[in-house]
Amino acid sequence: MNSKELETMRISFKKLNERRMEILNDPQTKKLQERVKKIREDSVNNMEELLEMAKKRFEENGIEVFLAENDQKALNIIYNIVKDEKTVSKSKSNTVSEIDLAKFLTDKNINLVETDLGDRIVQLNPTDKRPAHPIGPALHLNVKKIAEIISESLGQEIEPEPRIIMELVKANVIEELSKCKIGITGANSVAAEDGSLVMVHNEGNISLLTLMETHIVLVGIDKLVSTIEDSISVIKLETAYATGTKIPSYINVISAPSKTADIEKRLLNGMYGAKKVVVILLDNGRRDALKECLWCIGCGSCIVACPVYNAVGHEFGYKGYLGGRGVAMSKFIKNEKTSFDSGLYMCTLCGLCTLECPVSTPTSELVEKLRINSQKAGFYPKAHGVIKKNIKSSGSPFKS
Amino acid sequence: MLYFRGCVAREKETNISKSTEAILREVGIDFKTISNEICCGSVLMRTGFLEEAKDQMQKNIDNLKGQKVLVSCAGCYKTFKEDYKEILGVELDVIHTSQLFKDLIVENKIIIKKSESIKVTYHDPCHLGRHCYEYESPREVLKFISSLVEMENNRENSRCCGSGGGVKSAFPEIAINIAQERLKDAEKTMASLIITSCPFCKLNLNQAYIANNNNNNNNNNNNNKQNHKYYKSHDLEVLDLSEFLLKQITSQSGGLKNE
Ligand code: SF4
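Residue numbers (my numbering), protein chains in the order written: chain F, 16 to 415; chain B, 293 to 551.
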């Protein structure tokens, strides 16, 4: 991020904080928070059982289910479904970015339509395609810059006026969606006992994608909880922390393909919604992750508060996994080198993010732990190597 | 009492250890220091060198066991209190200077008049505050001797100065950037002093302040007001609690008896 983007991001964060203040201090929110903390902790502890249960229930509900151990396997599963298509569509999803689906499909000459406005802006940005915040990916770009980006991509000059930009992008997306039969989304929470996928959005784009012939849902196994009630709790808390609103515009719960039995009780799939729903449960390092690293509900509060993130932006993070918790996660999704490159040593261990986190993710402790192995694998800042040597020989970090 | 100065107060911000020792002498506390004092191991712990940190703790432990250990540094404090216990299984009797100063004032061992007109703000070191929950002792000292005004983010919500976790050495520019943000918080209070109780914070905040001033001068010279680092509205001094306390004692008594 350049200094202008950082400035815009900080202003956006400030606005967000002001907007969130009231709801975060509401006793109802605090009660919800306690409930969700427990849900997340229990769910992560029981991930294997929940996974088995989810597989069974999805199948019973008529949803095709796959478990992908890694990104490559997930990509192959998706490719097998979309290989005959020219264009497929997607919504904003960290998990979809995690497996680099956009690049994979481009290489296979399949066009991927990004339907989320913020994500679309970020994807079209020629200089840097990384989001600045999980829910507001483009909040580091001002309207002038956004107008430039959209003008460039549509090949027409656009006024830097939010409504004009929105209308133009909408028209463009709707036109592209008319050519699509497959929609790909993530899910914010998965209710294992119900075999339900729960998705949150404000734009209404996910609803459109669920009406495609085939709906593919890619979701990390860390998103599993027991019941829909748990899922809704998680989502309400996420929304409060991420945006300062009590409830998102849309919560979609998908538990089966679209169907009707209105003619002689004969079951027909694909009335208005998807004829086929496929869920891909992604492991990609999650099973080996430190448990506390998986409590996250993806609200982005931690980066809004983080002094380092405010100073450097998404340099401190990996893809959509932003800030200290994101860097920790990158070790499990990828490896030691990735988390080192993503800023494992940029964290000041100040602990403010834990206080701001609705589920109290102990990020500074995670980072400290991960540094031990990183260091052993040879990934540590040169300056720290010098200090270590100095202490060994002179007892002081400052003298050799 | 053993006064463990810590690396920064011993070698870089030496005025902190000198001030602390002067105060101890002033009130007649019998204390000693370790002439060949070595690092407590904190920086090694925070940067992933666990084995090396253990070695360092082993080297220190015999000097520390069985006595009251006074520390200036929030990093030493947390390390002695938590890591020595967790890793070596030894519970140390450790006290931070801010706690000792508070006790001395409460027990009337430091008698000092409140300077109502001196407006100060307090920066919580992460390792003392959020990690060890010590928010009030330094504030009580400050309230006793001056007028304390809080920054918007204080106590557990305090924003980091940017130097912890090895960031100061590995990413010095980020550390300074973060400190400059913290100084903006302090500026808003209109205090003339920002007091902290950790040599590491003081070092970084002070360097950021100096960098701001240099920037300021350059900006004035170049007439370039666009630089976003330009913010300084009034003079601000960065001090450790020990330095400020000693200053106040000295200014009121006209010098120290044991100097
Ligand atoms: S770690 Fe906590 S604060 Fe950060 S995104 Fe996850 S839930 Fe939100």
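Calculated directly from the structure, the hints in this document are not laboratory data.
There's no promise every hint is true.
[Said to hold, decoys possible] With the Cβ distance kept under 8 angstroms, some of the chain F side facing chain B (calculated, not the full set):
#1 Arg35
#2 Met36
#3 Met68
#4 Phe81
#5 Ile92
#6 Tyr94
#7 Leu305
#8 Asn325
#9 Lys352
#10 Thr363
#11 Gly366
#12 Leu367
#13 His399
#14 Gly410
#15 Pro412
Positions of the beta carbon are idealized from the N, C-alpha and C atoms, including for glycine.
Hints versus structure:
no.	hint	in the structure
1	Arg35	violated (14 angstroms)
2	Met36	violated (12 angstroms)
3	Met68	violated (37 angstroms)
4	Phe81	violated (37 angstroms)
5	Ile92	violated (37 angstroms)
6	Tyr94	violated (39 angstroms)
7	Leu305	violated (15 angstroms)
8	Asn325	holds (7 angstroms)
9	Lys352	violated (14 angstroms)
10	Thr363	holds (4 angstroms)
11	Gly366	holds (4 angstroms)
12	Leu367	holds (7 angstroms)
13	His399	holds (5 angstroms)
14	Gly410	holds (3 angstroms)
15	Pro412	holds (6 angstroms)
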